[in-house]
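Colleague: What follows is each chain in one-letter form.
2 protein chains.
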Amino acid sequence: MTTSHDHILKHFDVELRELKDKLLLMAGVVESHLASAMQALGDRSVAIAEEVEKSDPEVNVIEMEVDEQCIRLLALRQPAAYDLRFIAASLKIVTDLERMGDLAVNIAERAEALARSPQLLPQLDLGPIAAATQAMLKDSLDAFVRGDADKAESVLLRDNVIDDLFLEAFRTLIESMKRDSSTVDRAVGLMFIAKHLERIADHSTNVAEAVIYHVRGKDVRHKFSLQRP
Amino acid sequence: MTTSHDHILKHFDVELRELKDKLLLMAGVVESHLASAMQALGDRSVAIAEEVEKSDPEVNVIEMEVDEQCIRLLALRQPAAYDLRFIAASLKIVTDLERMGDLAVNIAERAEALARSPQLLPQLDLGPIAAATQAMLKDSLDAFVRGDADKAESVLLRDNVIDDLFLEAFRTLIESMKRDSSTVDRAVGLMFIAKHLERIADHSTNVAEAVIYHVRGKDVRHKFSLQRP
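Residue numbers (our numbering), protein chains in the order written: chain A, 18 to 246; chain B, 18 to 246.
FYI, nobody ran anything at the bench for these hints, they're computed from the structure. Hints should not be assumed to be uniformly reliable.
Stated by the list, open to error - Capping the alpha-carbon separation at 30 Å, the derived lysine-lysine pairs in DSSO-like fashion look like this:
id	chain 1	residue 1	chain 2	residue 2
1	B	109	B	39
2	A	109	B	195
3	A	155	B	109
4	A	168	B	109
5	B	109	A	37
6	B	39	A	109
Stated by the list, open to error - For each label pair, taking beta carbons as the anchor points, the in silico distance ranges come out as:
id	chain 1	residue 1	chain 2	residue 2	range
7	A	99	B	75	27 to 33 Å
8	A	144	B	61	35 to 41 Å
9	B	82	A	61	47 to 53 Å
10	A	192	B	89	50 to 56 Å
11	B	81	A	99	52 to 58 Å
12	B	75	A	78	21 to 27 Å
Virtual Cβ for every residue (Gly too), placed ideally from N, Cα, C.
Please model the complete structure; the sequences and the hints are all you need to start from.
Modeller: Structure follows, in structure tokens:
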């Protein structure tokens, strides 16, 4: 025999799972836009870049749906403890995901401009920064789905790697601009792409922090040294 | 005669006011750090820049306190409608304020590096971008305190002005780097400061959007064209 209370609880679980699924869907969309933006850069493809630039509304719509869902759950279900922290974390994570989506679009815009101008030789390889950033994004979301605080912690520790890669790219581009002023426009374009990747990594650490908070009820923000160059 | 229910309600109002006061305090701290960072740039003062760089923990502590307060209010008070939206908006706004604080520190770091290197002539005047950004930050927080959705809307409309000013500064700096490669380091420093200011303006529009949502219960995000260069 199920009581009406059991029924309410079960329905709440379903709604929480829907919320989680929607965040995962959004993360998948952002991941794929980021991958496409980097492909547009590598392949010098205006078409792929434009595809990403058109994709922004999709992410924005999901963001608004997630916010609404969170507010509705808070209003109707009055959750406590773990569930409450999960919903508060979701309100934070959705903001980070939306900004990551914006940054993927910004990268695509820069990639498009670079594809339309002559190639900068030697082409700076942003592959390692992009790969590390994508791994951080993916792992922070995996940690969120599984409620895996250890995995989330491993994401936090990797932020310094990105910062080092960024500084290295930065120095290379500065040198290139000093040596040959005809590379200035394109070097600045690549510099901003590197900066956008670094910011996506920062947002992944925000997601990881929110996961640790939601799983352990402990605030780990500002305890790791997250130096930004 | 006051009933126990009245008492609870009054206490809730007091807690909401405390939450608002804490966000205002945080906004005041961020505003003052931004003003100091820009002063460090203008006066070429390493000392003022270092002062701002040391200030980060203060903002971070307030952020964690605000988050805790929001969670506690949601858990214990189970607010509805306007109050619920206010608390959800606070969870968003506090994140934006914290990032703005980080950006003020980033500006101070760049200002310090610039103060330590020979002066770039002609010095680019970032005053108009800084003034416009500071006004947007101030007005978005004023709108929040007063629950003034009209004022918040006026903030959204000003984001394009910042974008135009940023693009103009950007072009000036690119020209300078092309003309004289000895200006590259310093031009890149100023470029990032301009970019940080533009991002602070973006965060102010996020705050303004959260205010409109909290006052009108209507989501205005992604309805204004917030183009980012």
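Colleague: Each hint needs a verdict: does it hold in this structure or not?
Modeller: Going through the hints against the structure:
no. : hint                      : verdict
1   : 109/B to 39/B             : holds, 14 Å
2   : 109/A to 195/B            : violated, 42 Å
3   : 155/A to 109/B            : holds, 23 Å
4   : 168/A to 109/B            : holds, 25 Å
5   : 109/B to 37/A             : holds, 19 Å
6   : 39/B to 109/A             : holds, 19 Å
7   : 99/A to 75/B: 27 to 33 Å  : holds, 30 Å
8   : 144/A to 61/B: 35 to 41 Å : holds, 38 Å
9   : 82/B to 61/A: 47 to 53 Å  : holds, 49 Å
10  : 192/A to 89/B: 50 to 56 Å : holds, 52 Å
11  : 81/B to 99/A: 52 to 58 Å  : violated, 19 Å
12  : 75/B to 78/A: 21 to 27 Å  : violated, 37 Å
When each numbered hint is compared with the structure, violations occur for hints 2, 11 and 12.
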